[in-house]
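Asks: Sequence:
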Amino acid sequence: MYIRYLLFIFLSMLFIICCSEKAPLDAYNPFDHVDPFIGTGHMGNGNPGATTPWGMITLTPYNIERGLSITKWNPRFYEHGQEYLYGFAHTALSEIGCGESGSVVIMPVFGELRWKPQDRRTHYSMEAANPGFYKVKLDEDLIFAELTTTARTGLSRFRFHNGWAYIILDLSSGLTNSQNGLVRITAPNEIVGYTYDVSVCDGSDARRLYFVAQFDRTAMGGGLYQGDTLYPDTVSEVEGEKIGAVFSFRTLDGSAIQVKVGLSTVSIENARLNLQTEQPNFSFSLTRQKAREQWEKELSKIRVYGGSEKHTRIFYTALYHSLLYARIFNDVNGDTPLINDAPVVRNVSGMNCYRISSLRDTYRTVHPLLSTFYPAQQLDIVRSLLLFCGEHNWQSRCSPSGDEIGVDISDPTVFVVADTYLKGLHDFDIEKAYQSIRRLAKQTAGEENTFPPALKAYDKYGYIPHECDQGHHLSRQNHSQDKVCGSVSTTLEYAFADWATAQLAKALKNDDYEFFINRSQNYKNIFDAETGFFRPRLENGTWLMPFDPLSVLPPPEQVPNDRMGYCKGFAWNYAFYVPHDMPGLIELLGQDAFITRLQTLFENNYFDLGIEPNLAFPFLFNYVDCEAWRTQKTVRDIIARHFDTSPTGFPDNGNRKTLSAWLVWAMMGLYPDCPASNMLQISTPFFDRIEIELSNDKYPGETFVIETKNLSNENIYIFTKKLNGKKLREFALDFADLVNGGTLQLTLKKK
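Just so you know, we're using my numbering here: the sequence shown kicks off at 337 and counts up by one.
Take the hints with a grain of salt, since some may be wrong.
Label-pair distances were calculated between CB atoms; the ranges are [claimed, not checked]:
1. P1036 x K845: 19 to 25 Å
2. G760 x T932: 37 to 43 Å
3. M1015 x A464: 49 to 55 Å
4. K796 x E632: 51 to 57 Å
5. G686 x Q771: 22 to 28 Å
Because the hints were derived from the structure by calculation, they are not lab data.
Small disclaimer: the values here were computed from a predicted structure and weren't measured.
Ideal placement from N, C-alpha and C gives every residue a C-beta, glycine not left out.
Kindly generate the complete structure, drawing on both the sequences and the hints.
Replies: Written out as structure tokens, the structure is:
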């Protein structure tokens, strides 16, 4: 009886633990809490493909056919729930707002040769994925597909039944505008060639992507095709549009065929070298295991305990997404091309060269996250910027694959460099970087470069007048030296960039400090005290009329397609966008009005996670005494409203990992509201304990811990806060205190 009683108690306790909202306070394996399908639903623009941390390759299913549902402005290569699957692409990116990449598609078919996307499409089922691995069943042909990768190679394994199997390699189904390429059969088990990859946001340029594909079996037949024409096996090479190759095999029930593909942006020879170095054999299990080990290492830099299963899964998936941002761009021998497809190759040693993009989005959340928790990678990113920007006069607002395209506003490289250097990461040529930043920021526009645009007007008027407003995104194809995307938006970004440049000048003991710190106050010149908004202003000093802070577009008879001075947003999205001088903005508005208006923004749903400049707004209540509780509540409300574990659980298109990094910060209870300031705003964490493993080769500490006491659905307000046992007065943490190691203790209560 006594034993039965003990057994009853044990089972009861087990039931209580399993049904509790919180997971037990024990060690998680972060890898097991990543769900690659989160964010792959409607307009999430994610994909569940196999990849490694920082890897060049993402080998992912392709279930939206180019030419049917895809337009050149639609970035989706995969969307959860689509009916058909068309193949598996090796370079598909995720969470980006423009169509690009998705090159070198392979697809197995069975029974009858079908190489065109419409003919080879299939229903599919039994999808599953975790970091570094994806599998699916192709229903019509009863094929089981499994995918895994190394940094520069992909490995696919297809299981067939008894009959004839075909594997198609398609060079024309990516999201780039170019469909040109070359394909060559070099052996009964090898295909080589090149295609064009990454044509961003309707850009006309795309970079050559070279490949070598090898099979673990000798094909019994093979041929090349172009469009509707299948060439005889005497043709071993085809160059042009809509091309590909087919290998045929005789298979038995359960037999598998493996295909490994090496990529390079330099040459076929380098693609072969990448393949030989990273994947000399066809060992699927070993390749998958190595990918898992890499992910476990990187995800374990931040360990969380005591949160709900839902929050833990969301957190680690967001961290996983964040680590997909920077992609290795150099080959194993260090070769990497110059930008814009120049026929010149450089060799880097002692570092990885990264493909980076959308800096205007990512400088706010992604780069501070990398410099804090992954400083070695962030240093290589800055070194990569120096290489790319040095070739293109520092005009690298958006640099996927190293190609500068100059979209959007300001010069976000300033923030990336300043934030990295001021965090103490000095192992790069800061003088070269600073001189490049300074030369652009102080030159007369058009003297050498057309970026930043309207600089002459900015200096003349102390703001960018509305006459300079072009009213749509700027790119390499449509920019002008005196036109900007949003006169208000660009003025605010320039003022912030001036402040960041001033911080660099101060750290370097440069005489430019006074010039840039004074010019950083230009934001005040477009502040209208009567309405309390930053407004478009004309050259004569008057305000643009009429003005409606809720209006996105003015009357057509004024400036067609103009956004009344705001790029990707409206007046409310920029109403508090002075990250470098919040005390100054509070003084302009008045403290009470500042709080009232900020609260109004959230109560009326003017806050938009898809508009980057307002991402820090939930944390701004911290700047006013006794109002930090509003930040703690607002952040949790936003996360509860916009994030969950479903395929549609991450909003918008992620803005190139910006929202994933935002979520990581927010759920940790910290936020870098002003890059280059080295201050982190404090809010309520979502976990009882967070352990951060510091890179002690870059920072002095080993571990930083965030302990949260009394956390529950009701207890979300911070009652006391201590750093290493001493009370903190402000709701802000100095970066130096974090990287020195220690413990932040937060005690919560129900308000």
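Asks: A separate judgement is required for each hint: does it hold in the structure or not?
Replies: To see whether the hints hold, each was checked on the structure:
1. P1036 and K845 have their C-beta atoms about 24 Å apart, which keeps the hinted 19 to 25 Å range intact.
2. At roughly 39 Å, the beta carbons of G760 and T932 sit within the given window of 37 to 43 Å.
3. Our hint of 49 to 55 Å for M1015 and A464 is violated, since their Cβ atoms are close to 42 Å apart.
4. Under the hint 51 to 57 Å, the C-beta atoms of K796 and E632, about 56 Å apart, fit the expected range.
5. Checked against the hint of 22 to 28 Å, the C-beta distance between G686 and Q771 comes to roughly 23 Å, which is consistent with it.
Against the hints set out earlier in the document, a violation occurs for number 3 only.
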